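Asks: Below, each chain spelled out in residue letters.
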Amino acid sequence: MNDTIIISIIMTVIGASTPILLAALGELIVEKSGVLNLGIEGMMLIGAVVGFAVTLTTGFHLLGIVVAMLASTLSAMLFAYLTLTLTANQVATGLALTIFGIGISSLMGEPYVGKTIEIFSSWFPASLAEHPQLRVIFGYSPLVYLSLILTISVSYFLKKTRAGLILRAVGESDLSAHSIGYSVIGVRYAAVAFGGAMAGLAGCYFSLVLTPLWSEELTAGRGWIALALVVFAAWKPSRLLFGAYLFGAIMTLELHAKAAGFSFIAPELLAAMPYLATIVVLALISLRKSSGLAAPACLAKPFKPST
Amino acid sequence: MKLISRRNVLKSAAAASTLPLLGKSAFAMDPVKVAFVYLGPIGDHGWTYAHEQGRQAAIAKFGDAISTTIVENVAEGPDSERVIRRLAEEGNDLIFTCSFGYMNPTLKVAKRFKDVKFEHATGYKRAPNMSTYNARFHEGRAICGTIAGHMSKSGTAGYIASFPIPEVVMGINAFTLAAQKVNPDFKTNVLWVNSWYDPPKEADAATALIDQGADIITQHTDSPAALRVCEERDLLAFGQSWDMTSFAPKAHLTAIMDIWGPYYIDRIQKVMDKKWESADTWWGFKEGIVALAPYNERIPADVVAEAEAIREGIIDGSYDVFTGPIKDQSGTVRLAEGRLTDGDLLSMDWYVEGVQS
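Respectively, the protein sequence lines represent chains P and C. With the numbering used here applied, the first sequence covers 1 to 307. With the numbering used here applied, the second sequence covers 1001 to 1357.
If you're looking for bench data, these hints aren't it; they were derived computationally from the structure. Note that the structure is a prediction, hence the values are computed from the model and not measured. We put the beta carbon where it would ideally sit given N, CA and C, even for glycine. Hints may be right or wrong, so weigh each one.
Claimed, not checked - A short, non-exhaustive set of chain C residues, derived as facing chain P with CB atoms under 8 angstroms:
#1 ASN1189
#2 TRP1192
#3 ASN1194
#4 PRO1199
#5 ASP1204
#6 ALA1205
#7 ASP1211
#8 GLN1212
#9 SER1223
#10 ARG1228
#11 VAL1304
#12 TYR1319
So here's chain P without its partners, still in its complex pose:
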């Protein structure tokens, strides 16, 4: 194996990891506020189709991304209204959002099947972005660098800022947060909106960078991997970054190993690996309740203040 192949493998792994990292970062904040949104897949698809359509029509990737994030946020607000204001069951509503997202993205995407756009590629000069070695640092889409910046920001926000503390308080003990005057519902609305925007960004990564095209159910179940990733990471952004690259590596190394003629493990088993790893982590969490691995205490519990 020469270095060109190793560099190419690293780049494919990072490419496959970035969308799940983006979506999982959003879901992490949502779950930290005590809300479980199972609609990631649906929101991602809405983001993917809107991002593609706007980019195709206007020719501006950034505009496509911003509108896609708005569209996904809008769908997340639908979820928030149902679950937070009307206190509907979060699991059922989240699943409904996924099914809705699959349906509406197919409908909206109908005129865009078979169209192509320019890939949303690196902003660095070609001498760096296409350099045989340096491209491993400079050759990515801006969204990849953004995902790293966002990981650090989310980590900083949760650990070091007052707003992050409030968010965690709302997720750990909604009644206490309410009793000292914080708007539990307001905080959760904001968190769900952030989750929606991030899912939209992740969707754009598929339709503007990875494939770059629109076809129905483009994300092919990656939203569920993002969901598993949040649990795998035990709700910690730093582990989320590690987990995303691990899951991405598992998903793509299989392909590279087989293309190079190695076959050391059944591909079906490799494909199941992210889910198996999540089950193991869940088992660990239930064994060691006190070690800070636990889920937010109010996760998926509707909040009804008695006023």
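Could you slot chain C onto chain P? The hints should help.
Replies: Relative to chain P, chain C alone:
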């Protein structure tokens, strides 16, 4: 004034519920009810899209004489049985189940519903009320292989494959053999992605194959994602199931197109004429079930002429890609001379020399 009592309402409801039953026997001109079970979304622009075009052709032909139902995104395996059973219960006359993985579920339901006629695509199990149909995709693969043999500089093609079933194996072998007739050292690197439709994974698979030296990609999966990768990298590729030129105008050389319309029309007509019988149909270029998308202009004229000559040879029977001598991966001679029979092809579980998998 008529009194609307609960009893009256119930009576009329009961009367109404017998109407569909009456309708069936009373009117001979009832539309034939035809149902289609699809593997992917219609918008995949590949396998399922091609079946949908076949259904549209049938609708265009028969108009109001048929009524059709489709179910998209039906997972292969046990889950599909529920869908097929429901379609049978809903009184469909003819049910097409359009993927290999529906074979056993279709057979199970067919045994329960003797009056319903079933048509299973690409399988090999039949019953008195269950036919199978398939297209000779390997004929198209032979053309793609010939073109690949001429156009590949590295002499290595990447083949994105779904599941190791005979149909896929036969396609890989046909492609490789045809390419080797042009370039005896030609190699095909096969990568299994264990899915018929997973755009991100297909794109990653194309990247992996290109990194291993392939400069031309062909696929037996359904999305155009790999074509986009080849377009970006200025390499070559073939489309799958339908003309995918619009996704990759430079990279797309041609595509094997599945034209199911003539078959669907033929079978529906037979149901109407009450002449339907269980059959095993395997049509190809000759019957128009397999076609090729327009050749890319970057293919030199002599290569196009050679491809067309082979296509005509397949139609008149003078050319068969599976003509001996054929060696398998280990170098053992599988066929010294003559041709492989359809039976050999339909149970093919070995790769020809030059396939890396």
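Asks: Tell me if the interface restraint on C/ASN1189 is satisfied: Cβ within less than 8 angstroms of some Cβ in chain P.
Replies: holds, 6 angstroms
Asks: Given C/PRO1199 as an interface hint, is the shortest Cβ-Cβ distance to chain P below 8 angstroms?
Replies: holds, 5 angstroms
Asks: Was the hint right that C/TRP1192 lines chain P, CB cutoff 8 angstroms?
Replies: Given a least distance of 6 angstroms, the restraint on C/TRP1192 holds.
Asks: Per the CB criterion, is C/ARG1228 less than 8 angstroms away from chain P?
Replies: holds, 5 angstroms
Asks: Hint C/SER1223 vs chain P: min CB-CB distance below 8 angstroms?
Replies: Check passed: Cβ of C/SER1223 comes within 6 angstroms of chain P, closer than 8 angstroms.
Asks: Does C/TYR1319 pass the interface check with chain P, least Cβ-Cβ distance below 8 angstroms?
Replies: Interface hint status for C/TYR1319: violated (32 angstroms vs cutoff 8 angstroms).
Asks: Can the hint on C/ALA1205 be confirmed by a CB-to-CB distance to chain P that is less than 8 angstroms?
Replies: Holds, about 5 angstroms.
Asks: Does the CB of C/GLN1212 sit less than 8 angstroms away from some CB of chain P?
Replies: Cβ of C/GLN1212 sits 5 angstroms from chain P, so the hint holds.
Asks: Is the interface hint satisfied for C/ASP1211? The criterion is a beta-carbon contact with chain P at less than 8 angstroms.
Replies: holds, 5 angstroms
Asks: Measuring from the C-beta of C/ASN1194 to each C-beta in chain P, is the shortest one below 8 angstroms?
Replies: Holds - the Cβ of C/ASN1194 comes within 8 angstroms of chain P, reaching about 6 angstroms at its closest.
Asks: At a threshold of 8 angstroms, is the proposed contact between C/VAL1304 and chain P supported by beta-carbon distances?
Replies: Result: violated, 24 angstroms to nearest chain P Cβ.
Asks: Given a cut of 8 angstroms on the nearest C-beta pair, is the interface hint for C/ASP1204 held or broken against chain P?
Replies: holds, 5 angstroms
This entry does not satisfy hints 11, 12, going by the numbered hints stated previously.
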